[in-house]
Every structure is written in C-alpha cells, then in structure tokens.
Amino acid sequence: VTWKPAAQVPGCDLRVKHLTQQKEVLLDSFLFKVSRPRLVQVSHHVENGPAGFPGLFIVLLLEQFKVETRTIAVDFGKTDIYRKIEAGLTGLEIGVLVNNVGVSYPYPEYYLHIPDLEHFITNTINVNMTSVCQMTRLVLPRMVDRSKGVILNISSASGMYPVPLLTVYSATKAFVDFFSRGLQEEYRRQGIIIQSVLPFFVVTKMTRIRKPTLDKPTPERYVAAELNTVGLQSQTNGYFPHAIMGWVTTRLVPSSIVIFLGARMNRLQRTGYLQRRKLREQKNGASLKNE
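All the letters of the sequence shown, read from the start, carry residue numbers 1 to 291 under our numbering.
Watch out, some of these pointers could steer you wrong.
Unchecked claim - Below are the DSSO-like pairs computed for lysine-lysine, each with C-alpha atoms no more than 30 Å apart in a straight line:
# : residue 1 : residue 2
1 : K278      : K211
2 : K211      : K283
3 : K148      : K84
Claimed, not checked - Simulated restraints on C-beta separations:
# : residue 1 : residue 2 : range
4 : V144      : P115      : 39 to 45 Å
5 : H113      : S147      : 45 to 51 Å
6 : D116      : R280      : 16 to 22 Å
Source of the hints: derived by calculation from the structure; they are not laboratory data. Keep in mind the model is a prediction, meaning the values are calculated, not measured. In this text, a Cβ means the ideal position worked out from N, Cα and C, and glycines have one as well.
Could you put the whole structure together from the sequences, leaning on the hints where they help?
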C-alpha cells in the first residue's frame, strides 16, 4: 500500500495523506477531517488528484484510483455537530480515522493576557480535545465489531511536557496523547491500532515555518516517515530527527530545564510579535493622519 498527498491543511500539525491501493486493500476506507470552507472545490480536487486547499471534509477512499468524497460542513469549535456527522457516516465502513483538526495560539501569551480568554478556552478544548473523543466515539464501535481499524490521533511534541505561554494548547495535546495511549491498551487485543503522533515543528502555516530543514521537514517527508511507525509504536514522534529530539527532551535533559527554555523562547517570540504589531499600528496610524 502506498500513500500519496491528498490535502495540504493549514492550521494543522500534520498534513493528511490519502491511501491508494497498490497490491491489496489494507483497509476498507480512510476517514479524515480538517478545518473549513470551499467544500465543492475540496471534493473536486480530492477526486481528480492531489492539491492544496483549506476546508472541512471527510474523504472515503473506496477502491484503486477511485475516490468518493463526502463533505460535512461543521465547526469543531461547537459541540452540537456530532449528530450531523453521525448521520453523514451512516452505512459507511470506516477503516482509518485521522483526528487531525487543531487550533493553537495566535502568538505565545501569558494565560490571563490571552485575548477573549473565555472563548479561547472553550474553542481550544472543543477543537483539540472534544473532537478527538467524539469522532472516536462515532467510528470505534464498528471497528471493534470488525476487529480491525486504525485511529491516528495527532498530538504534538508540546504535549510531552508543559510549554509556558502556550499552556492551554500544550495541555490539550497532552490530553490527546494520554487518551490515545489509554485507548490503545483497552482495544489492542481486539485488533485496533490507536497511535499518538507527537511531531515537533513541520513546515505548515500554523508553525509559520516556510523553509524546510533536517529537523523541520515538509509535511510530505514527515508523513512518509510517520506511516512507517503505524502498527509498531503506540506513541511516536514520527520522524527520526524528531525522535532524537523527543529522547533528548524527555530522557536526557531534566524537565525543569526543558520548561524553562521553552518559556524563554516563547517570551522572546511574544516580545517580537508585540513589537512588530506595535510598529504596524503606528504605521497605520501615521497613514491615516496623512490622509
């Protein structure tokens, strides 16, 4: 079985790939979800070849080189969406679920200084945590009935230890990791693979990294490496340089130092962001005065 790109998803730690059959069908279908609109264009691109686009969608890969696309427009920041999703999945046999939807901070910030904190808390928890639990609830029962299925939950290296100034995001990703590892132990004897994926930086719009390096791979390179760990590791950094970084930061360096350095880095990023924002505001103010 080979994997080829189907979607380049802004705002996610990992780009989703699509499954095409080379020798035999490994799983009956491949389900994944991301963020929001342009659903018709999404469907067109998925059915006619790889392309990059934003959008929320659920894609089912049915047979060799043929892709059926079903679109379900929902906002994962809300909690009343899952009956609609459940209805859209009626009668489908889902072989692989990738819980990949996620949101983070616009910039590193102290907890009490986060803009619109109440909404930020609710939205982040609903998108990063509730969606994982609810989508798993919808898909897992039939996997158990068939004694086969794969669930890939995209956490983050930020969930391996607390990350100050990204505290809420870090905590939600720690939840995804614990949830995944606990469920794997519960259901591994029933033929289900549940994997927690904890990438470090990947070149995406969320990370604002534009140029790939050895430790900051393209999504394509990262996913190609990560897929080799499915069925072998229940918790993975997915990519060898990231695995080394994970080992160093969890086994070699004391956690207090990792937390301190993370806070220091994020304070610097916060200062830089606020300075740039202030300069933009001053420039815009000067332009308005001149007009």
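Quick rundown of the hints versus the structure:
no., hint, verdict
1, K278 / K211, "26 Å, holds"
2, K211 / K283, "28 Å, holds"
3, K148 / K84, "25 Å, holds"
4, V144 / P115: 39 to 45 Å, "42 Å, holds"
5, H113 / S147: 45 to 51 Å, "50 Å, holds"
6, D116 / R280: 16 to 22 Å, "20 Å, holds"
In summary, this structure violates none of the numbered hints.
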